[in-house]
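Trainee: Chain by chain, the residues:
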Amino acid sequence: MSDVSAEIPAQSAKPTIFFDGVSSRKRQVTLALGDALEIVEEGGTPVRWDYADIRRADSPAGVLRLACMTAPPLARLEIRDAALAADVTVHCMRLDEHQTSRRGVAKIVGWSVAAAVSIVCVVLFGVPLAADRLAPLVPKPIERRIGDASEVQVKAIFGGKACEDPAGKAAFTKLVNSLRDAAGLDDDSMTAGVLPTPVPNAFALPGGKVYLLRGLLDKAQSPDEIAGILAHELGHLKHYDNMRGLIYNGGTSFLIGLLFGDVTGSSAVIFASRSVVEASYSREAETAADTFAIEIMHKLGRSPKPAAELMFRITGKEGGSALSTILASHPLTEDRLARMTREDRPASGPPLLTDKEWQSLKLICGSGKI
Amino acid sequence: MNDMQWVPIGSEPLPPPLPPTGVDFTGDRSEFRKMVTKGAMLELVTFGFYRFWLVTDIRRHLWTHTAVDGDAAEYTGRAKELLIGFLFALAILVPIYLAYFLVGIEFERWQGFASTPLFISFYAFGQFAIFRARRYRLTRTVWRGVRFWMDGSGWAYSFRAMAWGLLVFLTLGLALPWRAAALERYKMRHTHYGDLRGDFEGDGWTFFKRGWWLWLLSPIAILIFPLAPFFYAEFKAREWRWWLDGIRIGGVSLSSELPHDAFYGLYWKVIGWWILLSVIFSAYMGGSAVLVSQLSGLSAEQMFEPGNGAKGIPMVVAMVVGYFAVALAINIVMRVYLQRDLWAKVLETVEVHNIAAAADVRGSGELASALGEGFADGLDVAGF
Chain E
1 MSDVSAEIPA
11 QSAKPTIFFD
21 GVSSRKRQVT
31 LALGDALEIV
41 EEGGTPVRWD
51 YADIRRADSP
61 AGVLRLACMT
71 APPLARLEIR
81 DAALAADVTV
91 HCMRLDEHQT
101 SRRGVAKIVG
111 WSVAAAVSIV
121 CVVLFGVPLA
131 ADRLAPLVPK
141 PIERRIGDAS
151 EVQVKAIFGG
161 KACEDPAGKA
171 AFTKLVNSLR
181 DAAGLDDDSM
191 TAGVLPTPVP
201 NAFALPGGKV
211 YLLRGLLDKA
221 QSPDEIAGIL
231 AHELGHLKHY
241 DNMRGLIYNG
251 GTSFLIGLLF
261 GDVTGSSAVI
271 FASRSVVEAS
281 YSREAETAAD
291 TFAIEIMHKL
301 GRSPKPAAEL
311 MFRITGKEGG
321 SALSTILASH
331 PLTEDRLARM
341 TREDRPASGP
351 PLLTDKEWQS
361 LKLICGSGKI
Chain V
1 MNDMQWVPIG
11 SEPLPPPLPP
21 TGVDFTGDRS
31 EFRKMVTKGA
41 MLELVTFGFY
51 RFWLVTDIRR
61 HLWTHTAVDG
71 DAAEYTGRAK
81 ELLIGFLFAL
91 AILVPIYLAY
101 FLVGIEFERW
111 QGFASTPLFI
121 SFYAFGQFAI
131 FRARRYRLTR
141 TVWRGVRFWM
151 DGSGWAYSFR
161 AMAWGLLVFL
171 TLGLALPWRA
181 AALERYKMRH
191 THYGDLRGDF
201 EGDGWTFFKR
211 GWWLWLLSPI
221 AILIFPLAPF
231 FYAEFKAREW
241 RWWLDGIRIG
251 GVSLSSELPH
261 DAFYGLYWKV
271 IGWWILLSVI
281 FSAYMGGSAV
291 LVSQLSGLSA
301 EQMFEPGNGA
311 KGIPMVVAMV
321 VGYFAVALAI
331 NIVMRVYLQR
341 DLWAKVLETV
351 EVHNIAAAAD
361 VRGSGELASA
371 LGEGFADGLD
381 VAGF
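Top line first, the protein sequences correspond to chains E and V.
370 is the number that this note's numbering gives the last residue of the first sequence; the numbers go up by one with no jumps.
384 is the number that this note's numbering gives the last residue of the second sequence; the numbers go up by one with no jumps.
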């Protein structure tokens, strides 16, 4: 605080401009650097800013733009003369106190990493746990509603209506009922059907719905093959895998989306990380359903091996690259075949269907090719 | 130019009309590039959370280096506001997502895929977010110690956007200029600078006349891919110019002489970078595959064989690292060319007429919350 600048209003070649934050009028002012910064407009009352309250505002190069904590929030003083700007800067000790410093950035990074780590932990441990615990607690009516909704979709995709041939239907019901009794599923509302589509597959929907697609039936050579597949699907029902998957998928995609926000191109990352995480999760569920199918088939005195042979007939050898192994949602068919072969036992129970019933089951969708 | 400003307004009988003033952009390109590079890296390290700070820094840079009539603007928004807005938006969006899910189930039960139209409600919400995000940005825009501000309703805007959107859909895009004009009119008429009210004088017909042949030719661009960037650049330049020409705030008006081919270079530079980065990425992937196979003593085929899953991990890691590096580079390229360069290119063509009308404007208007920006972020509809 030199005496010289305190006495004489600082003069400069370039004008100093003041906006009072109330109107957009451009005021040409002179500054007096006393014990506070005094902004003097010709013919106006001087404005005093305490040095401690003065903060730097964003400005283009060559202009020092100041704001004051106690003035109207948009009041701005623009100093265009470098020497005068330097002079004022010396007086204002807390000029840059509000700016994000290096420490501020470190804090942001630190907290973000902590948030990311906690989200990853929740995805890896929390969500599966929540899904396991919550899935059995989902009220039956809600589960059934979700099942109804997906059933409508599935039927729209796979040829409209379930196959209706009476003899075939009787055989199918017999097969499903014996499996259900062995599985100990007490769900009265369980429905099962065959859909007329060449796709070889079978699936279970929430609310106790099991569907066999005709393509699988066409490729099957014995009732045991179909029984093993159906037992596997019943395993999914028994373990609430649909609801678990739903909770799990919803939870992880929400959390991973939250984590990555909108970093450009992040959707690919989200997709990739989700498919890795989910694949391992659903592989576990598939393995558990296989275990269940093996148990049921043993209980009925039949071998689980034919089902795996049927799968192998359809998919062939699957093991390809390491990447596709990591991403696969099902265990590889050859691994499943090997496992089921280990569990192979000579039949000790009666056949699940008579030859005649098996023939009518094969014809449940009519004899024509699709 | 500044001295002209000091002629007292209305004191002389019929002063000669002042020549239009320009808009100067003085931002240093390498400074911007450094800021964006650092920001992109921090964004990566923070799993994207740094985006709030980076977006704020970008806006602060662009705003402060934009001077109208010799006075630079200022952006007073702060990243913390955006972060809080985002968290608030999440708290609101999560129950909405849940409700969407449950309602969707009911619709699906009734008929397969009947819930698809529900998705449209998210589009409507996105339009709401766009309006509210604009309000946030405007209330943080300060020039000569007075802020811009906005009134109007986000839902009213969203309704207009949806109704016009339907018309555009039904007319296969022909109604697009009128939609743009109507929406811009709504936005500008609810825009204020202090006690000056904004308006938009561009009309759909003018826009249509400038771009109808692009609409006709657009199927060709789909067939002959290299033409697409030209078409898009043409369209954007014409749209920008039409938009700028229509802007009014109080007695102040804008005009622009943006040439129709102004953006060719920008888009092709971005595409060039994109191709270059893809080539580098492929080379990197090839190189790391060779390196990994030499280090592990496995042939490339063996590496991808089943049972060698664990040995495939270095390759996966290399891939992820490469992917992130490319995403980062593309991020920087997009921001430098499509935000900074585009901004500078457009501004250098803008002329401001009758700026004296804004010489003594009374400040007014309240600050808007960043919730709109949060929604826009959460719904992925954010501009900059």
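Don't take every hint at face value.
[To be verified] Calculated pairs, PhoX-like style, for lysine-lysine (alpha carbon to alpha carbon, straight line, at most 20 Å):
hint, chain 1, residue 1, chain 2, residue 2
1, V, LYS345, E, LYS107
2, E, LYS107, V, LYS38
3, V, LYS209, V, LYS269
4, E, LYS161, E, LYS356
5, E, LYS219, E, LYS107
6, E, LYS356, E, LYS169
In short, the hints are calculated from the structure, not lab data.
Here the structure is a predicted model, which is why all the values come from computation and not from measurement.
Trainee: Keeping to a limit of 20 Å between CA atoms, is the pair of LYS107 of chain E and LYS38 of chain V held or broken?
Mentor: 16 Å, holds
Trainee: Between LYS209 of chain V and LYS269 of chain V, is the straight-line Cα distance small enough, at 20 Å or below?
Mentor: Violated, because 29 Å separates the two Cα atoms, which is more than 20 Å.
Trainee: Given the hinted pair LYS161 of chain E and LYS356 of chain E, is their Cα-Cα distance within 20 Å?
Mentor: 25 Å, violated
Trainee: If you draw a straight line from the CA of LYS219 of chain E to the CA of LYS107 of chain E, is it 20 Å or shorter?
Mentor: 62 Å, violated
Trainee: Between LYS345 of chain V and LYS107 of chain E, does the CA-CA distance stay at or below 20 Å?
Mentor: 36 Å, violated
Trainee: Can the restraint linking LYS356 of chain E and LYS169 of chain E be considered satisfied, given a maximum Cα separation of 20 Å?
Mentor: 13 Å, holds
Hint check: violations occur at hints 1, 3, 4, 5; the rest are consistent with the structure.
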